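Student: Protein chains in written order, with my numbering: chain P, 1 to 272; chain E, 273 to 560.
Think of the hints as simulated: they come from the structure by calculation, not from any bench.
There may be inaccurate statements among the hints.
[To be verified] Covered, in the sense of this in silico footprint (three residues per stretch, anywhere, with C-beta under 8 Å from a C-beta of chain E), are these stretches of chain P: (1) 20 to 30; (2) 44 to 53; (3) 94 to 105; (4) 236 to 246.
Please read all numbers here as calculations on a predicted model, not as lab measurements.
Heads up, the beta-carbon is just placed ideally off N, CA and C, and yes, glycines get one too.
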Amino acid sequence: MQRSTFSDITYKWAVGLLAGLGILILVGPVAIVIATSFTTSQTLRFPPPELSLRWYRELFDPVRSAQIHIAAWNSVWVAFCATAVGMVLSVLAALAVARVSRPSARLLEAGFLSPLVLPTLSYGLAALMFFSVMGIRPSLNLLIAGHLVVIAPFIFRTTLASLTQLDPGLLEASQSLGASRLYAFRRITLPLIAPGIAAGCFLAFISSMDNVPVSLFLSTARTGMLPIRMWGMMESTLDVRIAAIAGVLILATLVLMLVMDRLTGLTKRMSG
Amino acid sequence: MAGAIAVAGGATASGERVDWRLAAPLGLTYLFFFAAPFAILLGISFYADAEQTRLGLGSWVKFYSDAFYLKVIFDTLKLGFFAVAATTLVAYPLALVFRASGPRVQRVLIFVILMPLLTSVVIRTFAWIVILAREGVVNQTLMTLGLTAAPLNLLQTELGLVIALTQIEMPLMLLPLLTIMNQMDQNLVDASRALGASQWRTFFRVVLPLTLPGWIAGATLVFASSTTAFISQTVIGGARLVYLPALIYQQATVVYNWPFAAVASLTLLFTVLAGIMALGWLGRFAKT
Numbered sequence: 001m002q003r004s005t006f007s008d009i010t011y012k013w014a015v016g017l018l019a020g021l022g023i024l025i026l027v028g029p030v031a032i033v034i035a036t037s038f039t040t041s042q043t044l045r046f047p048p049p050e051l052s053l054r055w056y057r058e059l060f061d062p063v064r065s066a067q068i069h070i071a072a073w074n075s076v077w078v079a080f081c082a083t084a085v086g087m088v089l090s091v092l093a094a095l096a097v098a099r100v101s102r103p104s105a106r107l108l109e110a111g112f113l114s115p116l117v118l119p120t121l122s123y124g125l126a127a128l129m130f131f132s133v134m135g136i137r138p139s140l141n142l143l144i145a146g147h148l149v150v151i152a153p154f155i156f157r158t159t160l161a162s163l164t165q166l167d168p169g170l171l172e173a174s175q176s177l178g179a180s181r182l183y184a185f186r187r188i189t190l191p192l193i194a195p196g197i198a199a200g201c202f203l204a205f206i207s208s209m210d211n212v213p214v215s216l217f218l219s220t221a222r223t224g225m226l227p228i229r230m231w232g233m234m235e236s237t238l239d240v241r242i243a244a245i246a247g248v249l250i251l252a253t254l255v256l257m258l259v260m261d262r263l264t265g266l267t268k269r270m271s272g
Numbered sequence: 273m274a275g276a277i278a279v280a281g282g283a284t285a286s287g288e289r290v291d292w293r294l295a296a297p298l299g300l301t302y303l304f305f306f307a308a309p310f311a312i313l314l315g316i317s318f319y320a321d322a323e324q325t326r327l328g329l330g331s332w333v334k335f336y337s338d339a340f341y342l343k344v345i346f347d348t349l350k351l352g353f354f355a356v357a358a359t360t361l362v363a364y365p366l367a368l369v370f371r372a373s374g375p376r377v378q379r380v381l382i383f384v385i386l387m388p389l390l391t392s393v394v395i396r397t398f399a400w401i402v403i404l405a406r407e408g409v410v411n412q413t414l415m416t417l418g419l420t421a422a423p424l425n426l427l428q429t430e431l432g433l434v435i436a437l438t439q440i441e442m443p444l445m446l447l448p449l450l451t452i453m454n455q456m457d458q459n460l461v462d463a464s465r466a467l468g469a470s471q472w473r474t475f476f477r478v479v480l481p482l483t484l485p486g487w488i489a490g491a492t493l494v495f496a497s498s499t500t501a502f503i504s505q506t507v508i509g510g511a512r513l514v515y516l517p518a519l520i521y522q523q524a525t526v527v528y529n530w531p532f533a534a535v536a537s538l539t540l541l542f543t544v545l546a547g548i549m550a551l552g553w554l555g556r557f558a559k560t
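Kindly generate the complete structure, drawing on both the sequences and the hints.
Tutor: Printed below as a string of structure tokens:
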């Protein structure tokens, strides 16, 4: 029974236009980069004059793109190790503080989540100074340690959320039936929180692959990381291979995301 | 009532104390690799000279008495503020549309929102170079439409940087906002409309206050992320626009003045924390 007044019409238009603009801004750039990656041209001109796989061939050439390949494998290795170690440490920590209402638990929780809001660039410099004062030479292991600190909160947060949603009655039942704590964890808690852990690991892995602030200070010419190398390429020549890297990364992320969605309902989790 | 008992029972069953044995591995890792580096950073900032021979407040005084560096702090804060404003302006309407959509459209929208979040920041920045460059999409469109004769210089301007950051940071604003929008009680909106309030009034008096906690969570993330977005700032902003992250990088790795870099780095830390605290304070203020 609502009449459309002038003010309601302006509201609908304002919301509709801004939302449309939002979708355009979100999707447009990704679409444009993918289109550009298939160009035949030497420049990043859009729209591309003709389509080809020229820059993908260039990117996969083992000789001409050797540096990029090394950086890519370094990034994958660091992300994999940091996520694996981060998963074990974060799940244990989440188990320790979940369902505890004491101030000490809240304090620990805030501490474990703090790398999410503190500027990681400040941390990157701090880590560089720390390792240099300790006399530790730069290596991939240092990058793993640095990334670990920054990405562990993602896993901690999703695991904690899963643990809070867990029905405590299940654990009581298993305990009253004589199950040990470890057995109850393995057979009841772990299967139920596994999707939360997986979602956290996915975000952690992606954010390590994407990390700039820590890698910027801890990576060297020998231990190059993909985002830093791409930054270098952007600052110097605006090589079209960057668009091809983007295409490959977007495809890889898309596949990972669809797999994760099947496994854990990631998109449902993200929308609450 | 039954729920409260169940929760209390659960708390006793799993123990009311923090199990320190489980928290220790991550706690010690953080102590060694997170807290200790910051302590070193703070320590180094109290060297007065680049060679780190004399202790003193020299680096702090040099930083805070120079108008150039004060302007860098101000510009960094301003950039964070603009990024929050721009993402808010676009994210709220998107969240309203999301709320009004059916489950199928919602899934597509979530995908659209997550896609840029999961594309590397470097690539998102690169995309904006392709778009904003002199022969880029924006300039070509404007020139074809005859709106401008010569290509506009959008790269290396604050406007271009804010536009790019709007996309780069938007998912951080949207996700908490969508979550809280979905939890909002539709009855309150309906009641406001039934009592004769216009859509605008309903939005500002009902929807906005109810979703403010989500906005604050999003604004915090956008502010923290855009003030430290080194790659976007240096590549799109170029050498003419200097923000704290670029200053820190330059002082640490080019000039090799570590004490000064440490001061700039701690300044960035305090700037971001101040912004986060101001937003939190705004939230508490708005609730009462």
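Student: Each hint should be assessed against the structure and marked as holding or not.
Tutor: Hint check:
1. Chain E is given as covering the stretch 20 to 30 of chain P, and this holds because 9 residues of the stretch bring a CB closer than 8 Å to a CB of that chain, at least three being needed.
2. Chain E is given as covering the stretch 44 to 53 of chain P, and this holds because 3 residues of the stretch bring a CB closer than 8 Å to a CB of that chain, at least three being needed.
3. For a cut-off of 8 Å, the count of residues in the stretch 94 to 105 of chain P with a CB near a CB of chain E stands at 10, and the three-residue condition holds.
4. As drawn, the stretch 236 to 246 of chain P meets chain E at 5 residues by the rule of a beta-carbon pair under 8 Å; at three or more, the given contact holds.
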